[in-house]
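The task is simple: from the sequences and hints, build the whole structure.
Each chain, letter by letter, is given below.
2 protein chains.
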Amino acid sequence: MEERVQISILLDLYGDLLTDKQRSIMDLYFNDDLSLAEISEHTNTSRQAIFDLIKRCQKQLIEYENKLRLMEKNSQSESYKEIILNNIELLKAKVDNECLSFVEEIKRLVLEL
Amino acid sequence: MEERVQISILLDLYGDLLTDKQRSIMDLYFNDDLSLAEISEHTNTSRQAIFDLIKRCQKQLIEYENKLRLMEKNSQSESYKEIILNNIELLKAKVDNECLSFVEEIKRLVLEL
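Going line by line, the protein sequences match chains S and E. Numbering follows the numbering used here, with no gaps: position 91 of the first sequence is 91. Numbering follows the numbering used here, with no gaps: position 93 of the second sequence is 1093.
Since the hints were derived computationally from the structure, they do not count as laboratory data. One or more of the hints may lead you astray.
Listed next, the in silico DSSO-like pairs over lysine-lysine satisfying Cα-Cα at most 30 Å (straight line) [unchecked claim]:
1. S:K59 x S:K21
2. E:K1059 x S:K67
3. S:K107 x E:K1107
From the derived model, a few chain S residues whose C-beta atoms are all more than 10 Å from chain E [as the list claims (entries may be wrong)]:
4. S24
5. L34
6. S35
7. A37
8. S40
9. E41
10. R56
11. L109
Which chain E residues face chain S? A few, computed with CB under 7 Å, are given here [to be verified]:
12. L1017
13. S1077
14. L1085
15. N1087
16. L1091
17. E1105
Backbone N, C-alpha and C define an ideal beta-carbon position, used for all residues, glycine too.
Here you go:
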C-alpha cells in the first residue's frame, strides 16, 4: 500500500488519540493534500516545525497500529465480508421467495458490520 | 455492565497501549483477582503505589474507549452477528442441499468476523 494512503487510513483509525492541533495538521497534509509551505502559512508555524510534527505523528500512528492492529483486522474483515456478499448473491438466485427475505435480511445486517 | 467486567474488557482491547508493568499489574488485579496487598507483596511495591497505578490506568483505559469506542463498536457487531446467525439457522431449515452449502459457507465466514 502507498505510504500516503496507509497514513490516511491510520489517521482515520487512530487520529482521535492525537491532539487537536496534531490531528488538524495531519488532515491538512494527508487528506487535503496541502504542501508543507501552505500548512506553514495557514497555521503561522515554521515549515520545519510542521515537518517535525508530521514525522512524529506518522511514527506515533504506526506505533498504535503495531500495538492494536485495527487496520490489519479491518482489512481482513472486509475480505471476509466480500466473500460473504458474493455467496449471498449466488444464494439469492437460487432460493424461493420465502427464503429470499431471510437472505435479504442477512445481507442488510452484514453490510452494517 | 459491572465496572470490574468493563475494565477487564477495556484491558483486553487497549492493554497493549499500557507499559508492560502497568499491563501486568492490571492483569493481576482485574483478571487474576489478586488483592492490592497480594500484588504489593508479589511486585515488591507499596500498596499505595499499586492503588495509584490501578486508578491511573483505569482512567487511561476509559479515555481510550471514549476516543476510539472499540468496546461499543464490538458490542454492536456482536449483536448484529447474533441476529445474522439466527437468520442463518432459520434459512438452513428451509433450503435444499445445493443452497445449504452456500448457507454453511456464509455461517463459517460470519463466525470469522
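Hint by hint, here is what the structure shows:
1. S:K59 x S:K21: It holds: about 16 Å lies between the C-alpha atoms, which stays within 30 Å.
2. E:K1059 x S:K67: holds, 19 Å
3. S:K107 x E:K1107: holds, 12 Å
4. S24: holds, 16 Å
5. L34: Consistent with the label, L34 (chain S) stays out of reach of chain E, its closest Cβ about 25 Å off (over 10 Å).
6. S35: holds, 29 Å
7. A37: holds, 31 Å
8. S40: Holds: least Cβ distance 28 Å, greater than 10 Å.
9. E41: holds, 30 Å
10. R56: holds, 17 Å
11. L109: violated, 5 Å
12. L1017: Because about 6 Å separates L1017 (chain E) from the closest Cβ in chain S, which is inside the 7 Å limit, the hint holds.
13. S1077: S1077 (chain E) check passes; min Cβ-Cβ to chain S is 6 Å, inside 7 Å.
14. L1085: violated, 9 Å
15. N1087: At about 5 Å, which falls below the 7 Å cut-off, the nearest Cβ of chain S leaves the hint on N1087 (chain E) intact, so it holds.
16. L1091: L1091 (chain E) check passes; min Cβ-Cβ to chain S is 5 Å, inside 7 Å.
17. E1105: Constraint on E1105 (chain E) satisfied, holds at 5 Å.
In summary, the numbered hints that this structure violates are 11, 14.
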